[in-house]
Amino acid sequence: MSREKLRALGLTLPLLPTSTVGSFPKPPELAEARTRFARNQIALSELEALEKKATEFWVRTQEEIGLDVLVDGEQYRGDMVAYFAELMEGFQVGGLVRSYGNRYYHKPVITGAVKWPGPLTVSWWKWTQGLTTKPVKGMVTGPYTTMDWSFNDYYPTRRAACLALAREIRKEVEALIGAGAKIVQIDEPAISVRPEELPFAIEAMHVVTDGLPAYFITHACYGAFETIYPDMLGFPVDNLDLAISNSALDLLRIFEKDPFTKDLSLGVLDVHSHTIEQVGQVKERVMRGVRVLPPDRLWVDPDCGLKTRTVEEAIEKMQAMVVAVRDVRQAVGNAGR
Amino acid sequence: MKLILTNAGSYPRIGDAPELQRHRRAYAQWERKEIGEAAFRKVEDEVTAEVIREQIVAGVELPTDGQIRWYDPYSHFARGLEGVEVNGLLRLFDTNFYFRQPVVTGPIRRRRSILVSEYEFARTVSSRPVKPVLTGPYSLARGSILEGGYQSFTALVFAYAEVASEEVTDLAAAGASVIQVDEPAILGHPEDAALLHEALALLSRAKGSASLVLHVSFGDAAPLYADLQGLPVDVLSLDFTYSSKLPRLIAEVGAFKPLGLGVIDGRNTRLETPETVFPVLDEVLPKLPTEWGYLGPSCGLEFLPRERARAKLETMRRLRDAYLGGHA
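Top line first, the protein sequences correspond to chains F and P. Using my numbering, read the first sequence as starting at 1 and increasing by one per residue. Using my numbering, read the second sequence as starting at 1 and increasing by one per residue.
For reference, chain P alone in the conformation it holds in the complex (with noise of 0.2 Å):
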């Protein structure tokens, strides 16, 4: 058995030390007007190529580019499409964390390929694979508001699923051998499942030769595991930190997909124990129809502070190597 270490997405851009500050005083000197675009671009650059650094030296083999570019998960897709705006703050589910609202006032399209030329750069500063991550179809229909364009949710839903698919297919012919889609809203809304289906089937068929990994979280997926088993998709990554059920109903009810393992807890900043660890994998790992599977966060890593979140990413290398040394 082999157990991949990846990061769910996001990473903290600052830490507490001076240092650790520049993305946070460029920003502000952006806003300002005393600093141009491209020097607050080049600290973007720098910053992406520090935290992937910083991930693969505390174990990840998979790492994402950390999302440092992006304002919140919602508007960063908003800003790169026709036909959406972007509205006031609204809280990220039970976080502290808020998003800019994306309103839709007509038809959606790209005015360009919205996340390759970050992929591309991560790649070129990486020493390992980098994970691309997008927001999904369904939970971007669902943190939009409906102005125009479109009759009814669904639609929207479609129209997303559209612009994403052309994501997919640009970040698969520029090398993404693994491209993870979030969809976080469906736990809220289990009604939608064959919607959720239908979406992500067109992301499906435009991926080419990549693996497609969907990611929830910000939930207990308990309730919904029988239908996110059923999803066109390659892999299907759970958060294992709002539900104490899951690993036993993955033991009773089996998996027919890889499985991405999310037990370490991103919204909190104590460190996992074996205690906590080693028994979710006892009943979830023999249950997987592969050799292999992902170990890695609940979610994006940027709701902790910086250091907590390396700490969290070093605690759970030694939790897998303590682990498959113990099994092996």
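Chain F with its partners taken away, still in its complex shape (with noise of 0.2 Å):
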């Protein structure tokens, strides 16, 4: 079926395809320059010209690992959530907040009507499918995750705006898709962690897509089959994307008693650990997969953006899920014949 609509929408992926979240590492730098730049040290285009040598050295690496889906590596995203809230109307940054330890972050603040300002990511998308013939992703963050990753001083429920948001992402959708974009990959990690709001994350979701031309990607994160699974496939995409690297959970049981319904996206990666996986124990993952769903179903990628790892540490792992994934392929293709 989502076959169908890939091929429909003109894309030609090899059997299994490889890909990754979103984020990749910054270099040195670029991280170093967007501190200089926050503490007004250096221009707005000194920042600009680092973030788009960034993206140009990770769009190349990934050509060379031999990925099949592309992704800017969001060079010049900090937070997945602040990144949008602090270039959409309606919010406003808060104060300082603890995550762990001696950390802390400025969680956004809904203060007023959200509302979509204009493109926030399609330049960035346009310019790095400009340096690529594979297809590159659009890439944003759910209204959920924005709702539930940020304060809420405006709408009366947590549904209302989670539902306002929907409205307003779903015109950044539209907009990337306009560019051209035929895959948009919609994240959703914090929807794993109250089940009981699932349904209008679901709502929400289907205000973003519901009649767009585009093959639809949802990342969640860890827990999503614990928590949310079967319902989870009420979200109208075409793939959900969840971690299988660490958990040592029965697909198959799981299948058996509720069908997965979508293409699946197997997170192989641990992208916590800077150990890099063998390639061996990476095609160990993916036959996880195989062995549950049909391979023309299935995809491969971490588990999570690679933004926590050293560059050397992503390429590294990159490189090994590639390899293994070649293996399976062969292995699968001679199998069918």
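Think of the hints as simulated: they come from the structure by calculation, not from any bench. All C-beta atoms in this analysis are idealised placements derived from N, C-alpha and C, irrespective of residue type, glycine included. Incorrect hints may appear among the rest.
[Claimed, not checked] Some residues of chain P that are not near chain F, with every Cβ distance over 10 Å (derived):
id : residue
1  : Pro12
2  : Gly15
3  : Glu44
4  : Leu81
5  : Arg91
[What the hints assert, rightly or not] Facing chain F, a subset of chain P residues (Cβ under 7 Å, in silico):
id : residue
6  : Glu85
7  : Leu92
8  : Pro305
Two independent chains are provided; combine them into the complex using the hints.
Now the structure itself:
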């Protein structure tokens, strides 16, 4: 079903397409430039030049590694919610809140009606797609996660805030599609922690994606299978991206009880570990998917954004993944003959 | 009717103004070994005194020490125990706050009392009685990885309950008249209500003349309300922000224990109004078996920016005074 949709969109992808969840580490010179820009020590043009340089580096790196569906690497974004909150109307930068240890961040506050101010990520998407013939995913943070990771001083309920955000985020998705994006990923990592709110998270996703001509992916996070499966199949997207790298879950048993009805992206690399996965280890994780779903419905990627790894770790992890997938493709292809 | 204003636990240790960032700077200097342990502990003392004062000025009658010294509610206890190591970061329920997960490797024993020195310091700098707060044995066990020392999750709960009851004994002996035990994890595991009951019975036997408050948060307490009422604690304190049905349920079922009403949302910046708080009080207060209850935030206030935490407490006092003034 989704293969047909991909073909209709003009996309021909190999069996077990490889991709990544979105973010890549920022090279040290860019990280430093961001700090200096925040202190008004360098001009915006200087920062942007480094962001473009880093983006181009990651595009070339993804091509060299042999990934099938590319991302821009989010070199121009900080936090995945704050980036959109700072650009959209209706938000204010909040006070400092501790996230752990001595780490603090500015949690955004919704203080008025949220409003899309015009394209936010579209110029980055276009610029990145211009660097490569491989498809580049459009990447936005979903309405539920944006709501959950912000304070809400304005809307009467969490649901109202979520749906208002959905109407505005749809405009960004439309703009990405208008610019030519055929695959759009809408991240909802917050969704597995309050299962009782899943119905309105799904309602919001309908607002974002209904009737739009793109292949939609939603990335959730650890624990989604345990807490919101199978209800999460209600998300109106083509592909659900879920972490399995660290999980001992018996997918076969889960899918026997409640069949998986979408394409599945298998998050097979543990992005929170410095250790580089062995090719054999990744192959085994991919095979866990192949044993339970037809291979033409499976994608392979890391289990989260790679931004917390070093540049070298991120590259080596992706290399292990791509080599493993080539081996599995061969094995699956041979078996099919 | 008397509503005693309290805090549920943590309080933001820094604010946005440079003069309110002393703790953050000292922490970084201490991590880089630019200042010694004693100098950092002195800053923790000063900030503890500061946040106790801030709570009292805002109207709180039963403050906490703000848990300024806690890395998080789990590893703070784990670090004081033999047989428990501290592992990587894990998300705390549905928050954006991360705690370091305890890993149990062998028999759990206290190296020393964990909270008594903190409590004693807080008492010396507070003009009001201070309420010590401990993470309960059930939630500690739920948040831990069990690698050795115990054969089962149940055995681990009782091991934690043993050391928690020693803490309760020490705190009561040090003069604490109200001791709060946090058990947020039970709301996600209603099937373990009987286990929680047995574990809390150990703490209850250790409390002496102190009053034991059970606080549950980060979830809807309504499905478990009847079981919670039967637990061996003196006061039941509830997070009202996850359930619109809880006040009605209490109005229907009644309350056999004094209640703590966590109606001030400790997770969102929006300030409460009479329209949101008074209907809850209208439903619940007539059902209290005592002429008093606690009014407080739904959870510790560390999830809010500092100025908003203070504003929440001030709002709480204004609402309490307006409500009781109008219902005297």
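Against the structure, the hints come out as follows:
1. Under the 10 Å C-beta cut-off, the non-interface status given to P/Pro12 relative to chain F is violated; the minimum distance is some 7 Å.
2. With a cut of 10 Å on Cβ distances, P/Gly15 falls inside the contact zone with chain F, its closest approach being about 7 Å.
3. The claim that P/Glu44 is not at the interface with chain F holds, since no C-beta of that chain comes within 10 Å of its own (minimum 12 Å).
4. Distance to chain F confirms P/Leu81 as a non-interface residue, since its nearest Cβ pair spans about 20 Å, more than 10 Å.
5. With a least beta-carbon separation of about 7 Å from chain F, P/Arg91 fails to lie farther than 10 Å from that chain, contradicting its non-interface assignment.
6. Interface hint at P/Glu85: violated, since its Cβ lies 17 Å from the closest Cβ of chain F, which is beyond the 7 Å cut-off.
7. A cut of 7 Å between beta carbons decides the hint on P/Leu92: the least distance to chain F is about 9 Å, and the hint is violated.
8. About 2 Å separates the beta-carbon of P/Pro305 from the nearest beta-carbon of chain F, less than 7 Å, and the hint is met.
In summary, the structure is inconsistent with hints 1, 2, 5, 6 and 7 from the numbered list given earlier, while agreeing with the others.
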